[in-house]
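Line by line, the protein sequences are chains U and G.
Quick note on this note's numbering: the first sequence kicks off at 26 and runs consecutively.
Quick note on this note's numbering: the second sequence kicks off at 129 and runs consecutively.
Rather than coming from a laboratory, the hints here were simulated on the basis of the structure.
Just to be clear, a hint being listed does not mean it is correct.
To be verified - Below, computed lysine-lysine pairings styled on PhoX-like, alpha-carbon distance capped at 25 Å: (1) U:157 with G:202; (2) G:238 with U:157; (3) G:242 with U:175; (4) G:201 with U:157; (5) G:197 with U:90; (6) G:201 with U:90; (7) G:248 with U:175; (8) G:156 with G:309; (9) U:90 with G:238.
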Amino acid sequence: MVKMYLNSIFTDPERTAKLIEIAKNSLQPLLEGAIMNTIPLTIISFIVGIILAVLTALARISSVKIFQIIARVYVSAIRGTPLLVQLFIIFYGLPNIGIIINPFLSAVIGFSLSVGAYASEIIRAAILSIPKGQWEAGYSIGMTYSQALKRIILPQAAKVSIPPLSNSFISLVKDTSLASVVLVTEMFRRAQEITAANYEFLLVYSEAALIYWVICFFLSIIQGFLEKRLDRYVS
Amino acid sequence: MISINGLYKQFGQLEVLKGIDLNVEKGKVVVVIGPSGSGKTTMLRCLNVLETPTKGVISIESQQLDFSKAVSKKNIASFRRLTGMVFQNYNLFPHKTALENVMEGPVIVKGESKVAARKKAQSLLEKVGLGDKIDYYPAQLSGGQQQRVGIARALAMEPEVMLFDEPTSALDPELVGEVLKVMKDLAGEGMTMIVVTHEMRFARDVADEVIFMDGGVIVERNKPEEIFTNPKEERTRKFLNMIQ
Ligand SMILES: Nc1ncnc2c1ncn2[C@@H]1O[C@H](COP(=O)(O)OP(=O)(O)OP(=O)(O)O)[C@@H](O)[C@H]1O
Ligand SMILES: [Mg+2]
Numbered sequence: 026m027v028k029m030y031l032n033s034i035f036t037d038p039e040r041t042a043k044l045i046e047i048a049k050n051s052l053q054p055l056l057e058g059a060i061m062n063t064i065p066l067t068i069i070s071f072i073v074g075i076i077l078a079v080l081t082a083l084a085r086i087s088s089v090k091i092f093q094i095i096a097r098v099y100v101s102a103i104r105g106t107p108l109l110v111q112l113f114i115i116f117y118g119l120p121n122i123g124i125i126i127n128p129f130l131s132a133v134i135g136f137s138l139s140v141g142a143y144a145s146e147i148i149r150a151a152i153l154s155i156p157k158g159q160w161e162a163g164y165s166i167g168m169t170y171s172q173a174l175k176r177i178i179l180p181q182a183a184k185v186s187i188p189p190l191s192n193s194f195i196s197l198v199k200d201t202s203l204a205s206v207v208l209v210t211e212m213f214r215r216a217q218e219i220t221a222a223n224y225e226f227l228l229v230y231s232e233a234a235l236i237y238w239v240i241c242f243f244l245s246i247i248q249g250f251l252e253k254r255l256d257r258y259v260s
Numbered sequence: 129m130i131s132i133n134g135l136y137k138q139f140g141q142l143e144v145l146k147g148i149d150l151n152v153e154k155g156k157v158v159v160v161i162g163p164s165g166s167g168k169t170t171m172l173r174c175l176n177v178l179e180t181p182t183k184g185v186i187s188i189e190s191q192q193l194d195f196s197k198a199v200s201k202k203n204i205a206s207f208r209r210l211t212g213m214v215f216q217n218y219n220l221f222p223h224k225t226a227l228e229n230v231m232e233g234p235v236i237v238k239g240e241s242k243v244a245a246r247k248k249a250q251s252l253l254e255k256v257g258l259g260d261k262i263d264y265y266p267a268q269l270s271g272g273q274q275q276r277v278g279i280a281r282a283l284a285m286e287p288e289v290m291l292f293d294e295p296t297s298a299l300d301p302e303l304v305g306e307v308l309k310v311m312k313d314l315a316g317e318g319m320t321m322i323v324v325t326h327e328m329r330f331a332r333d334v335a336d337e338v339i340f341m342d343g344g345v346i347v348e349r350n351k352p353e354e355i356f357t358n359p360k361e362e363r364t365r366k367f368l369n370m371i372q
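With the rest of the complex left out, here is chain G:
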């Protein structure tokens, strides 16, 4: 359902992604791990087209972008709607309340009526456990609450895939659980997810597959129980030893 073929990304002289190939089936949860600078964030950002790949083909459902050719803004905009992005530092709109943050996309981008969007936003915020905080501004919320608003904001656009870039790494340890729980519930509902995270428990419990990236390539991919107990590649083994 998602397929990435021969994805390359270069920043000036620095080649960050060196040929990524990846397929993710509908409803699957893929966790991406790997050392700092290995290109995990860049790969997610390419899927959301926040970065323009140097070359490669990405397709989600029936839409395809081929970056070997020029890609029109219109195609990028409609492709972007297929993915929901959750950022490491939330990036909520500070001048809008939780409810307004979630309503913004449906109203402005999709042109939904305010009444309908409000109703949907309210139920999404309830779903992430923030039904009592809808009129709070981001500055009045804890990190964990802000990140849950971030998830609701992405969900409001009804994406095919949710992309998470280290969604809990900016959080105090005691707030990590509430965000992971929301993500776990989402996975349980059959949402397709690609999650960059260092939370190995989450990977073990929720992921259908774990991908280990290093130096801009996918070094190894396997079921979590396999990759954690019996990594095939030396580099994977070294990395797992280092973080455990």
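Just chain U, same shape as in the assembly:
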């Protein structure tokens, strides 16, 4: 099989030319999918998710029981169920009770909830990793809880959480391919559409994979750069 496929490419100039043509023609719709949907979906979901994550982390460490419980249940439910199933519930399930949400927004909700739950654990751990003496130093100069949190604890926790959060961001880029199942025409759905017409699955899906790889590769370079910068001031 493999031999046949390779043979067909390298020995048949006409076939080679056709494949190159398909690859070229696919590139534009794939990149369009990436730029119009994959990337915005990633960025919007990540920002909303991080806000949710900070709130959840604060609820988890707060002394108010009910906040703690809500946060725990949320994190547990999201982490204990597949993202794919969550997306199906939001997009295909909710219309049954009259809530109809468009594909892009459904995906944003699904991914934000997911980032919110996973990142809240990262942020909570980062907050707890800041020595108790930092809170006390803040209190000792008269700060309130929220002043100490905002001025002393969160800036330090942010530094600690940037490396794991950038990993989450890179994972999210890849996870957005799941949005194809709720009809968002992000890059992977574009690939599916192209292959539906020409049956060149191996070529087109590999091309999509390559684009994901390039995006993630650049992100990991930025991540390395960020971490180096942050290292400068951390004791």
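Following the hints, position chain G with the ligands against chain U.
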């Protein structure tokens, strides 16, 4: 000016302070000594309300907290401003420069303008001998320098009393002197101070009074020359023999 009456502190089942009574007059320096676990740190932390006493009354100047009753957060916050705390391990804010560490309280808590706070912070850092290090981050400073920033940070809030919890015990021996000198100068300016320390030289030279604590109570208090040469209590004598 500071008075502590019937101060008790319990951690779960463990009773750490068992009825502390203490008065300190304005401008006096009191050194607290005593074996490990005797409750020295806990007493200072109660004065700064980093720990909530189980019961007892603390008053400084005109403000009073009675811990037999519920105490409001607002009262605690305003009471805290009367005391400046210097920690054993400095607890400087690592993401802020020396200057920013000192400015933080005046700007954020007191709402002073940045310009005024910067000016004050600068002169405080000069006072503790760090005028040339104001833009350094804590990680770039030695332990002794960090502790002097810690002192300046507490002073910036213009407290009535300065509380020191073993301010030199985390320092290399050659760095102890520079911190003690700053404290000595401060005492010379008439600052009221309560200092937990094992530096007996400092106690002898600077303290108006030395307090010996053991097992959560004040066992003995006296002038330094008295307590060091002629301790009245057996427990004090044993402790002094042990450390000298
Ligand atoms: N947060 C806490 N929870 C439980 N026990 C505590 C707590 N803080 C202090 N203790 C206990 O209280 C006792 C007194 O502690 P404290 O730190 O006041 O002693 P100290 O006189 O400062 O000792 P050292 O010279 O070692 O610093 C110790 O037995 C200690 O274990
Ligand atoms: Mg102690």
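Evaluated hints:
{"no.": "1", "hint": "U:157 with G:202", "result": "22 Å, holds"}
{"no.": "2", "hint": "G:238 with U:157", "result": "23 Å, holds"}
{"no.": "3", "hint": "G:242 with U:175", "result": "18 Å, holds"}
{"no.": "4", "hint": "G:201 with U:157", "result": "19 Å, holds"}
{"no.": "5", "hint": "G:197 with U:90", "result": "24 Å, holds"}
{"no.": "6", "hint": "G:201 with U:90", "result": "19 Å, holds"}
{"no.": "7", "hint": "G:248 with U:175", "result": "24 Å, holds"}
{"no.": "8", "hint": "G:156 with G:309", "result": "17 Å, holds"}
{"no.": "9", "hint": "U:90 with G:238", "result": "32 Å, violated"}
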